[in-house]
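Participant: For reference, the chains in residue letters:
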Amino acid sequence: SQKIEQNSEALNIQEGKTATLTCNYTNYSPAYLQWYRQDPGRGPVFLLLIRENEKEKRKERLKVTFDTTLKQSLFHITASQPADSATYLCALAKTSYDKVIFGPGTSLSVIP
Amino acid sequence: GAVVSQHPSWVICKSGTSVKIECRSLDFQATTMFWYRQFPKQSLMLMATSNEGSKATYEQGVEKDKFLINHASLTLSTLTVTSAHPEDSSFYICSASSGVDNQPQHFGDGTRLSIL
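Taken in sequence, the protein lines are chains H and X.
Throughout the first sequence, residue numbering follows the numbering used here, covering 1 to 112 in sequence.
Throughout the second sequence, residue numbering follows the numbering used here, covering 113 to 228 in sequence.
Everything labelled a hint here was simulated from the structure, so no lab data went into it.
Quick reminder that beta carbons are idealized off the backbone N, C-alpha and C, glycines included.
Check each hint, because a few of them may be wrong.
[As the list claims (entries may be wrong)] Under the rule of at most 20 Å between Cα atoms (straight-line distance), these lysine to any residue pairs were calculated in the SDA-like manner:
no. : chain 1 : residue 1 : chain 2 : residue 2
1   : H       : 99        : X       : 203
2   : H       : 3         : X       : 155
3   : X       : 153       : H       : 41
4   : H       : 99        : X       : 227
5   : H       : 94        : X       : 211
6   : H       : 99        : X       : 210
7   : H       : 99        : X       : 161
8   : X       : 153       : H       : 9
[Claimed, not checked] Here's a subset of chain H near chain X, in silico, CB distances under 7 Å, partners left out:
no. : residue
9   : 43
10  : 97
11  : 102
Okay, chain H solo, but in the shape it has when bound (with noise of 0.2 Å):
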């Protein structure tokens, strides 16, 4: 069955510095592969998806790669602010209006 990793649970680093989260997958071949931020008690929210076809997405400080020969996306947040620390999930579908498959979620906490 297809499998979702996130590379850690929870991740601290120094306001300013840049976080990278990865996510990597077996056994599913997704088109779209999305990133979402979610706060405690709250949904999550979707932040920028990336196309099967494509190798890189940027919005503002935000940007994710997508390889889908390593089956493995990162995201990266640059310039890292307290207001950033949440929680990161990893999502894939088939299609950006199927049914989505979560990752476990990485815990980020940016430290002042």
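Chain H is already provided as a structure; the job is to place chain X on it using the hints.
Facilitator: Showing chain X alone in chain H's frame:
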């Protein structure tokens, strides 16, 4: 950006009660809506997929008679937890998709359900 409203945000009720949760897409037509459940410190688990005007498709292990889903219009889906028991206590989250390529799902803010 797209807005999905979920109501109520929090409900506490006695065991045996049925609870209805509403999910509305406020500024777009949602051809498909999804219902997820999330236990503490775990990720979202898909329960079912519903398309407007048709029966919901449930994931393996989810009881369709326990979790009734109705998607009567392009902007509203409801999840009813029938005869709820303490083990049904969880965080329920809906999402909505316009069905347009390259457009992601947008999520509601979840409903915290506590069964006493």
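Participant: Now look at each hint and say whether the structure bears it out.
Facilitator: Tested hints:
1. With a C-alpha separation of about 19 Å, the suggested pair residue 99 of chain H and residue 203 of chain X falls inside the 20 Å cut-off, and the hint holds.
2. Restraint check: the Cα-Cα separation between residue 3 of chain H and residue 155 of chain X comes to about 13 Å, which is no more than 20 Å; the hinted pair holds.
3. As the CA atoms of residue 153 of chain X and residue 41 of chain H are separated by approximately 11 Å, the hinted pair is consistent with the 20 Å bound.
4. In summary, the hint linking residue 99 of chain H to residue 227 of chain X is not supported, as the alpha carbons are separated by about 28 Å, beyond the 20 Å threshold.
5. Between the alpha carbons of residue 94 of chain H and residue 211 of chain X the distance comes to roughly 13 Å, so the proposed pair stays at or under 20 Å and holds.
6. Taken as a hint, the residue 99 of chain H and residue 210 of chain X pair is honoured in the structure, with Cα atoms around 13 Å apart against an allowance of 20 Å.
7. For a cut-off of 20 Å, the pair hint linking residue 99 of chain H to residue 161 of chain X stands: about 7 Å separates their Cα positions.
8. For the proposed pair residue 153 of chain X and residue 9 of chain H, the alpha carbon gap of about 10 Å is at most 20 Å, so the pair holds.
9. For residue 43 of chain H, the suggested interface contact is upheld, since its CB lies about 4 Å from the closest CB of chain X, less than 7 Å.
10. Interface restraint check: residue 97 of chain H against chain X, minimum CB-CB distance 4 Å, threshold 7 Å, status holds.
11. With 7 Å as the threshold, the beta carbon of residue 102 of chain H comes within range of chain X, its nearest partner Cβ sitting at about 5 Å, so the hint holds.
Hint check: a violation occurs at hint 4 only; the rest are consistent with the structure.
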